[in-house]
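Chemist: What follows is the residue order along each chain.
Number of protein chains: 2
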Amino acid sequence: MNEKNVQVLLARRPKDAAQESDFHIVETAVPGIRDGQFLVHNRYLSLDPYMRGRMNDAKSYAKPVGIGEVMEGEAAGEVIASRHTGFKPGDKVVARTGWQAYGVSDGANVRKIESTDIPISAYLGVVGMPGRTAYIGLIDIGQPKSGETVVVSAASGAVGSAVGQIAKIKGCRAVGIAGGPEKCRYVVEELGFDACVDYKAGRLADDLAQATPNGIDIHFENVGGEILDTVLRRLNRSARVPLCGLISQYDLTEPYGLKNIGALLINRVKLQGFIVSDHAARHPAASKDLEQWLREGRLKYRESVVEGLRNAPKAFIGLLSGKNFGKQLIRLV
Amino acid sequence: MNEKNVQVLLARRPKDAAQESDFHIVETAVPGIRDGQFLVHNRYLSLDPYMRGRMNDAKSYAKPVGIGEVMEGEAAGEVIASRHTGFKPGDKVVARTGWQAYGVSDGANVRKIESTDIPISAYLGVVGMPGRTAYIGLIDIGQPKSGETVVVSAASGAVGSAVGQIAKIKGCRAVGIAGGPEKCRYVVEELGFDACVDYKAGRLADDLAQATPNGIDIHFENVGGEILDTVLRRLNRSARVPLCGLISQYDLTEPYGLKNIGALLINRVKLQGFIVSDHAARHPAASKDLEQWLREGRLKYRESVVEGLRNAPKAFIGLLSGKNFGKQLIRLV
Numbered sequence: 003m004n005e006k007n008v009q010v011l012l013a014r015r016p017k018d019a020a021q022e023s024d025f026h027i028v029e030t031a032v033p034g035i036r037d038g039q040f041l042v043h044n045r046y047l048s049l050d051p052y053m054r055g056r057m058n059d060a061k062s063y064a065k066p067v068g069i070g071e072v073m074e075g076e077a078a079g080e081v082i083a084s085r086h087t088g089f090k091p092g093d094k095v096v097a098r099t100g101w102q103a104y105g106v107s108d109g110a111n112v113r114k115i116e117s118t119d120i121p122i123s124a125y126l127g128v129v130g131m132p133g134r135t136a137y138i139g140l141i142d143i144g145q146p147k148s149g150e151t152v153v154v155s156a157a158s159g160a161v162g163s164a165v166g167q168i169a170k171i172k173g174c175r176a177v178g179i180a181g182g183p184e185k186c187r188y189v190v191e192e193l194g195f196d197a198c199v200d201y202k203a204g205r206l207a208d209d210l211a212q213a214t215p216n217g218i219d220i221h222f223e224n225v226g227g228e229i230l231d232t233v234l235r236r237l238n239r240s241a242r243v244p245l246c247g248l249i250s251q252y253d254l255t256e257p258y259g260l261k262n263i264g265a266l267l268i269n270r271v272k273l274q275g276f277i278v279s280d281h282a283a284r285h286p287a288a289s290k291d292l293e294q295w296l297r298e299g300r301l302k303y304r305e306s307v308v309e310g311l312r313n314a315p316k317a318f319i320g321l322l323s324g325k326n327f328g329k330q331l332i333r334l335v
Numbered sequence: 003m004n005e006k007n008v009q010v011l012l013a014r015r016p017k018d019a020a021q022e023s024d025f026h027i028v029e030t031a032v033p034g035i036r037d038g039q040f041l042v043h044n045r046y047l048s049l050d051p052y053m054r055g056r057m058n059d060a061k062s063y064a065k066p067v068g069i070g071e072v073m074e075g076e077a078a079g080e081v082i083a084s085r086h087t088g089f090k091p092g093d094k095v096v097a098r099t100g101w102q103a104y105g106v107s108d109g110a111n112v113r114k115i116e117s118t119d120i121p122i123s124a125y126l127g128v129v130g131m132p133g134r135t136a137y138i139g140l141i142d143i144g145q146p147k148s149g150e151t152v153v154v155s156a157a158s159g160a161v162g163s164a165v166g167q168i169a170k171i172k173g174c175r176a177v178g179i180a181g182g183p184e185k186c187r188y189v190v191e192e193l194g195f196d197a198c199v200d201y202k203a204g205r206l207a208d209d210l211a212q213a214t215p216n217g218i219d220i221h222f223e224n225v226g227g228e229i230l231d232t233v234l235r236r237l238n239r240s241a242r243v244p245l246c247g248l249i250s251q252y253d254l255t256e257p258y259g260l261k262n263i264g265a266l267l268i269n270r271v272k273l274q275g276f277i278v279s280d281h282a283a284r285h286p287a288a289s290k291d292l293e294q295w296l297r298e299g300r301l302k303y304r305e306s307v308v309e310g311l312r313n314a315p316k317a318f319i320g321l322l323s324g325k326n327f328g329k330q331l332i333r334l335v
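Line by line, the protein sequences give chains A and B. The first sequence begins at 3 in my numbering and counts up one residue at a time. The second sequence begins at 3 in my numbering and counts up one residue at a time.
Treat the hints as calculated values from the structure; they're not laboratory data. Be careful, since some hints might not be right.
Stretches of chain B that chain A covers, calculated by requiring three or more beta carbons in the stretch to come under 8 Å of a beta carbon on chain A [to be verified]:
| hint | segment |
| --- | --- |
| 1 | 239–250 |
| 2 | 253–261 |
| 3 | 265–275 |
If you want the footprint, here are the derived chain A segments under chain B, 3+ residues with CB under 8 Å [as the list claims (entries may be wrong)]:
| hint | segment |
| --- | --- |
| 4 | 156–165 |
| 5 | 251–261 |
| 6 | 274–281 |
| 7 | 317–326 |
Ideal Cβ placement from N, Cα and C applies to all residues, glycine included.
Let's have the full structure, built from the sequences with the hints guiding it.
Modeler: Have a look at this one:
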């Protein structure tokens with residue numbers, strides 16, 4: 003093989019906002035495989051907000067990426083060599099091979115893509131981890147009932163866009179919060195949300211009140227900070243808050259001070275932090291429903307595709323500040 | 003009847019900290035009763051933190067007390083006249099007759115005290131609403147497992163002291179947070195908690211870390227503010243936070259800004275606001291267990307008794323700043 007592997011390494015830990023210089027790009031040999039392993043040539047790398055946490059040397063969901071190590075992440079690609087009985091060349095897979103062109107896997111936590119009618123990239127988005135996150139957070143934790151009002155922040159993102167559409171499928175009023183009129187228009191006109199509040203317009207509390215005349219029964223939180231604080235004041239009695247992410251906080255050294263926690267007490271609210279990987283038993287059901295809804299045209303999605311692994315750091319930094327529009331991907335080949 | 007009724011009325015709404023001048027004490031005629039009603043002569047009035055919320059004209063659990071109305075609250079007393087088939091003179095009852103010497107009831111939400119071996123005042127505390135609050139919050143919401151670590155703030159108070167003792171009954175490590183060495187000593191030496199952190203000593207984070215070497219699995223929150231923010235950093239994965247009260251915040255115009263909410267996400271924590279009155283179906287089971295544990299000597303309690311209804315405003319203001327030690331009561335006769 004004449005090809006070289008390209009890898010994005012963590013060069014240093016960010017002090018606050020992540021910068022391109024926190025990453026280091028290298029060319030290395032394409033790795034060999036041993037018995038029980040196979041080699042994947044990645045076509046798409048998924049960029050996700052949780053990756054910011056892995057850059058810190060602090061307790062988070064998982065252990066941090068080490069300095070000089072390949073950045074962690076999920077990619078979709080094709081098996082090109084195999085010494086594993088379960089995988090053969092030509093198989094399409096989603097695996098946690100990280101930010102690199104070629105990755106070796108032993109098959110653990112690998113999803114084989116059997117369908118041919120769904121684009122491979124969707125397995126990193128609407129029918130992949132972000133879609134399952136939306137499904138489990140909204141359905142299992144949020145327990146939506148028909149007629150309830152569901153609010154989701156980062157509404158045009160990979161998770162948020164699925165949350166609102168699943169809320170509609172479940173008979174709820176879906177209200178998004180997104181940054182800018184273009185994202186809001188997309189969320190309402192293309193995804194079918196009932197309303198969307200542009201948090202950049204500077205009238206968050208008023209606009210949210212107008213968009214949620216009956217209050218909020220479920221708030222699916224991806225953002226945190228002032229957005230969460232404002233939403234708390236609109237929660238109804240017995241509301242549920244699936245806490246999925248706090249992207250507004252990841253680059254801060256001093257987090258936002260949340261003032262309205264009293265609303266959780268007064269309204270008997272359940273706020274539940276969750277990580278999709280804890281709910282593996284529910285993944286098959288989630289994937290089945292998501293794929294079916296996608297085929298039925300009831301789940302739409304948008305991708306923000308950047309060409310080339312060398313542009314991954316810049317795209318990732320953009321994702322953290324909401325520059326993406328839909329699922330952020332890197333196309334490798 | 004030559005007696006006069008004494009009533010404590012809400013004179014005005016506090017701007018921030020409640021003051022004695024926010025209350026107004028009047029003498030009125032002892033009320034008469036109609037068919038289906040009975041008259042209670044109150045012996046003990048319960049003072050509870052939730053009453054501070056009723057003084058505000060803002061959305062809370064229940065509608066606020068009106069200006070010039072009798073302050074709401076629960077009292078234990080004796081029926082002295084009855085035109086109600088279910089209650090006769092001599093019956094001991096706990097009823098929401100408010101801050102007054104004599105109250106009329108139609109029997110709704112009245113608890114008749116049948117036992118004779120438990121002091122009547124305990125029905126306002128350890129075997130009453132505060133005890134049931136501890137029971138339902140810890141057992142139903144907290145779901146304690148033997149060997150887990152349970153932390154409770156306001157640990158020497160009516161609710162907190164029961165929480166820690168029930169945690170011990172359930173095989174947990176019980177750690178209190180209380181104000182001052184005397185309360186901490188009481189919590190450990192008399193109530194049998196494993197440890198107690200004095201938040202007034204100025205080393206809250208360090209002392210809490212030392213008292214919870216295996217982290218915190220359940221935090222029963224009565225206080226909020228900096229105490230909650232500090233506890234959040236010690237929570238274990240899948241921890242539960244029954245949110246019962248936020249007494250540190252009730253007198254503030256600008257609430258404390260909670261910074262460590264990220265810990266709820268990282269550790270997949272469930273934070274659940276609750277009000278004991280929502281869980282009426284569980285009250286009989288709670289009362290039965292609490293009375294049994296009290297008789298077995300496994301539940302201890304302490305009362306802070308102030309004589310005379312005229313001293314209720316001052317005692318209530320003291321309760322809000324932690325001046326009480328154990329269940330705060332007013333003795334009327």
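Chemist: Is the coverage entry for the segment 253–261 of chain B by chain A consistent with the three-residue Cβ rule at 8 Å?
Modeler: holds (count 6)
Chemist: Under a C-beta cut-off of less than 8 Å, do 3 or more residues of the segment 239–250 of chain B approach chain A closely enough to confirm the stated coverage?
Modeler: Per the Cβ count (4), the hint holds.
Chemist: Using C-beta distances, would you say chain B covers the segment 251–261 of chain A, given that this needs three or more residues below 8 Å?
Modeler: n = 7 at 8 Å, threshold three: holds.
Chemist: Please verify the coverage claim for the segment 156–165 of chain A: does it have three or more residues whose C-beta sits within 8 Å of some C-beta in chain B?
Modeler: Answer violated; 0 residues pass the 8 Å Cβ test.
Chemist: Mind taking a look at whether chain A covers the segment 265–275 of chain B? Criterion is 3 or more residues with CB to CB distance under 8 Å.
Modeler: Holds, because 10 residues of the segment 265–275 of chain B bring their Cβ atoms closer than 8 Å to Cβ atoms of chain A.
Chemist: Please check whether the segment 317–326 of chain A has three or more residues whose CB lies within less than 8 Å of a CB on chain B.
Modeler: Since three or more residues must qualify, the claim that chain B covers the segment 317–326 of chain A is violated, with 0 doing so at under 8 Å.
Chemist: The segment 274–281 of chain A covered by chain B? Criterion: 3 or more residues, Cβ-Cβ distance below 8 Å.
Modeler: holds (count 5)
Hint compliance for this structure: hints 4, 7 are not met, and every other hint is.
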